[in-house]
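Q: Given next are the chains, with one letter for each unit.
Number of protein chains: 2
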Amino acid sequence: MSDIRSAEILCVGTELLLGQIVNTNAAWLARELSLLGINSYYQSVVGDNPERLLAALQLAAGRSDLVMITGGLGPTQDDLTMATAARFAGLQMQMHEPSRRAIMDYFQHLGRREVTENNWKQAMLPEKAIVMPNHNGTAPGAILEIEHDGRFIRLILLPGPPSEMQLMFRESVVPYLEKQSTSRLRHLFVRMIGIGESAAETRLMDLIDTQDNPTLAPYASEGEVVFRITQSVSRPDEPDLTGEMLAEVNRRLGEYIYEVGPRTMPEVVKDMLAERKMTISFAESCTGGLVSAAVTDFAGASTVFRGSIIAYDNDIKQNLLHVPQEILEREGAVSESCAIAMAMGCRDIMGTDMAVSITGIAGPDGGSQNKPVGLVWLAAVGPKGSQTRCLHLAGNRARIRKVSTLNALDLARRFLLT
Amino acid sequence: MSDIRSAEILCVGTELLLGQIVNTNAAWLARELSLLGINSYYQSVVGDNPERLLAALQLAAGRSDLVMITGGLGPTQDDLTMATAARFAGLQMQMHEPSRRAIMDYFQHLGRREVTENNWKQAMLPEKAIVMPNHNGTAPGAILEIEHDGRFIRLILLPGPPSEMQLMFRESVVPYLEKQSTSRLRHLFVRMIGIGESAAETRLMDLIDTQDNPTLAPYASEGEVVFRITQSVSRPDEPDLTGEMLAEVNRRLGEYIYEVGPRTMPEVVKDMLAERKMTISFAESCTGGLVSAAVTDFAGASTVFRGSIIAYDNDIKQNLLHVPQEILEREGAVSESCAIAMAMGCRDIMGTDMAVSITGIAGPDGGSQNKPVGLVWLAAVGPKGSQTRCLHLAGNRARIRKVSTLNALDLARRFLLT
Chain H
257 MSDIRSAEIL
267 CVGTELLLGQ
277 IVNTNAAWLA
287 RELSLLGINS
297 YYQSVVGDNP
307 ERLLAALQLA
317 AGRSDLVMIT
327 GGLGPTQDDL
337 TMATAARFAG
347 LQMQMHEPSR
357 RAIMDYFQHL
367 GRREVTENNW
377 KQAMLPEKAI
387 VMPNHNGTAP
397 GAILEIEHDG
407 RFIRLILLPG
417 PPSEMQLMFR
427 ESVVPYLEKQ
437 STSRLRHLFV
447 RMIGIGESAA
457 ETRLMDLIDT
467 QDNPTLAPYA
477 SEGEVVFRIT
487 QSVSRPDEPD
497 LTGEMLAEVN
507 RRLGEYIYEV
517 GPRTMPEVVK
527 DMLAERKMTI
537 SFAESCTGGL
547 VSAAVTDFAG
557 ASTVFRGSII
567 AYDNDIKQNL
577 LHVPQEILER
587 EGAVSESCAI
597 AMAMGCRDIM
607 GTDMAVSITG
617 IAGPDGGSQN
627 KPVGLVWLAA
637 VGPKGSQTRC
647 LHLAGNRARI
657 RKVSTLNALD
667 LARRFLLT
Chain S
257 MSDIRSAEIL
267 CVGTELLLGQ
277 IVNTNAAWLA
287 RELSLLGINS
297 YYQSVVGDNP
307 ERLLAALQLA
317 AGRSDLVMIT
327 GGLGPTQDDL
337 TMATAARFAG
347 LQMQMHEPSR
357 RAIMDYFQHL
367 GRREVTENNW
377 KQAMLPEKAI
387 VMPNHNGTAP
397 GAILEIEHDG
407 RFIRLILLPG
417 PPSEMQLMFR
427 ESVVPYLEKQ
437 STSRLRHLFV
447 RMIGIGESAA
457 ETRLMDLIDT
467 QDNPTLAPYA
477 SEGEVVFRIT
487 QSVSRPDEPD
497 LTGEMLAEVN
507 RRLGEYIYEV
517 GPRTMPEVVK
527 DMLAERKMTI
537 SFAESCTGGL
547 VSAAVTDFAG
557 ASTVFRGSII
567 AYDNDIKQNL
577 LHVPQEILER
587 EGAVSESCAI
597 AMAMGCRDIM
607 GTDMAVSITG
617 IAGPDGGSQN
627 KPVGLVWLAA
637 VGPKGSQTRC
647 LHLAGNRARI
657 RKVSTLNALD
667 LARRFLLT
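Protein chains in written order, with my numbering: chain H, 257 to 674; chain S, 257 to 674.
Keep in mind the hints are simulated off the structure, nothing from the lab.
Glycine residues also receive a C-beta, built at the ideal position from the N, C-alpha and C atoms.
Incorrect hints may appear among the rest.
Covered by chain H, per the in silico footprint, the following chain S stretches (three or more residues, Cβ under 8 Å) [as the list claims (entries may be wrong)]:
hint, region
1, 546-552
2, 565-573
3, 598-610
The calculated lysine to aspartate or glutamate pairs, modelled on EDC-like cross-linking and capped at a C-alpha distance of 20 Å, are [claimed, not checked]:
hint, chain 1, residue 1, chain 2, residue 2
4, H, Lys384, H, Glu401
5, S, Lys435, S, Asp571
6, S, Lys640, S, Asp666
7, H, Lys640, H, Asp666
8, H, Lys658, S, Asp553
9, S, Lys658, H, Asp553
10, H, Lys627, H, Glu587
11, H, Lys533, S, Asp571
12, S, Lys435, S, Glu494
13, H, Lys435, H, Glu288
14, S, Lys533, S, Asp465
15, S, Lys533, H, Asp571
Excised from the complex, chain H in its bound form:
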């Protein structure tokens, strides 16, 4: 954005200060602003206290061109953000007729006849505000364009509940901010598995350091390694250079890339199965249901996923999945042979085109010299035979289970590609 040089994020809410809720809004807004090419240099939290909020607004407006404010737009006496921002900006509060009608419609839609007196308060907005409708709740948002100490400043006020805030940001804030600038950003997200973030960064370091349009930057998201390619364009017909950068990343790290786009690993696997009209089932031991839960997180999973057997106990592996007793006795439950037998048994019982198994030691107990905590065997079986993978994972129980889950899905993906 040409004339927005610095932004900051100010979150209002006593529940944040008490640690009752984690501030996911700040991270979400920071990331969305960076996708628009706007850097934020500060994040702050204050409680529902008008004096401290006023001081926070003064501080923010003194150092940033754009102040994103979330929270405190609700109907209760404690919700003072809109009135405090108006006071800061020297603007009168007045009834905003379209917002009043929207609140009435909202309650009628919910089947409530009476609107409590409090709720009208949410239609009181600063004069001259650009009002943003709330399509997931009752509190409208507002953009205030003001002069502060001789500088032009924008205050953007959004509701605190993430579902309301995110929708309003996408519907109203993004178009507003895009209008402030003639340039646009094009993004590509490159998702990898099987390589750590720092190892990937090392192999891309020269591109990260020297390229300025498009740029390449790590885009950390929990448990995954993601890089972002960003090109700034001034005209829509400018040639797309992101593909060239992608080709170079692909040349260096192609073997680890599983998606160029928005989808996470379970979605990629689900879509690959759907394209091939294939079904899958899982035989899970140490992951205890996490793999199946990840796949069924998405609506429409039923077209590719039929079911799973969680065989936590060795008796279940033997009696239900028909893992031969000799394998359990000679090689143990955490072995390549057992993983293959589990997947084969599961595929038979579930009648699916393919099956994937996971058997390992998630710890903290149960490890031995030969089979330490973090040893995990995976197998995929299908009409074209089988593939296995052995993991040696570090970290605690939660991490071992999570990384095993991602790898089980990646094994399914590679199996489908061969």
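With chain H's structure known, arrange chain S on it following the hints.
A: Then chain S, alone, in the frame of chain H:
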């Protein structure tokens, strides 16, 4: 804490500013401080930039007695928090010999012979600092007691990774802060299910508003309703009054209380089964593995949990769990009869003392007039017969799956109590 009137939390890290990670440290610290009776009035985030960090320290020290600082203690050039805090406090940096040895020991323990030059930087600490060892990493923490504008201020510097920060807080910060005061807080956590937070608050409102020692306050934690009873005591032999308050809460809302203490629902169920030397299995449909994953989140789950069948497809319900075809045809998969049949089939196959089933419509598709999205049937079967529960849930797919999971475990708990 007698002489700490106001605290604030300052988190340092460019990855926070970019929204690459969510700031869970701020919420965790705010909650832990409030358990010690210390209120925090501000949270801020700045990047790894010494000038902006210095300005943030000045601001914080001007308005708070205690400043908790996390992040930027690592070995890289970007990690400048310790040096900047020393500069702010007017203290020299010097090599701290015990920390240098601890870093050497840490790397030897990992089997790495050579310590990179960078790592010694972490042993450079401000003179006069109270040094806090890091038992989950290499960066020590520090407490600086300084005078600022004629006021006595404490800066407490902690590492950014949550596992290092939390352990150091518990091992070193809590004892330090407790020494600053003669009073202590006694806490009881009361966990409920089956009632919404606002409904519970309404029925406890008079106690929340009028009682001052012990106090009663909501203690929100995602997906659960938790209240905290807190008594401030000046001498260890002071009579415990938390029990009286608990009795009153119990009198009003006892039917919803499932735990007075630290355990979450899956842990409570796991422990109840272990006490009774009983085993469990699950037949999951719409939860797709979430219930089993919740139980196996805890080490030692294998003593009570043998396995599960995820019967997403109706064929699996019929062929593997032996749900009679008539039930599926006449009453459908989301029905009380089907839930009971699923649990009975699962108990047979898994050979467990009891089994719990979950079948429902998680949405967004698949609902109908008679069976809308959010309809979920649960059944528990065991040697003493069966119990069922019907849920009518609002919200999106993720919420419906989560609330169903909690309720399935609660049904197991109530079944065990009868």
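Q: Next, verify each hint and record whether it holds.
A: Structure-based check of each hint:
no.	hint	verdict
1	546-552	holds (count 6)
2	565-573	holds (count 7)
3	598-610	holds (count 3)
4	Lys384(H) to Glu401(H)	holds, 8 Å
5	Lys435(S) to Asp571(S)	violated, 64 Å
6	Lys640(S) to Asp666(S)	holds, 17 Å
7	Lys640(H) to Asp666(H)	holds, 17 Å
8	Lys658(H) to Asp553(S)	holds, 11 Å
9	Lys658(S) to Asp553(H)	holds, 11 Å
10	Lys627(H) to Glu587(H)	holds, 11 Å
11	Lys533(H) to Asp571(S)	holds, 18 Å
12	Lys435(S) to Glu494(S)	holds, 18 Å
13	Lys435(H) to Glu288(H)	holds, 16 Å
14	Lys533(S) to Asp465(S)	violated, 44 Å
15	Lys533(S) to Asp571(H)	holds, 18 Å
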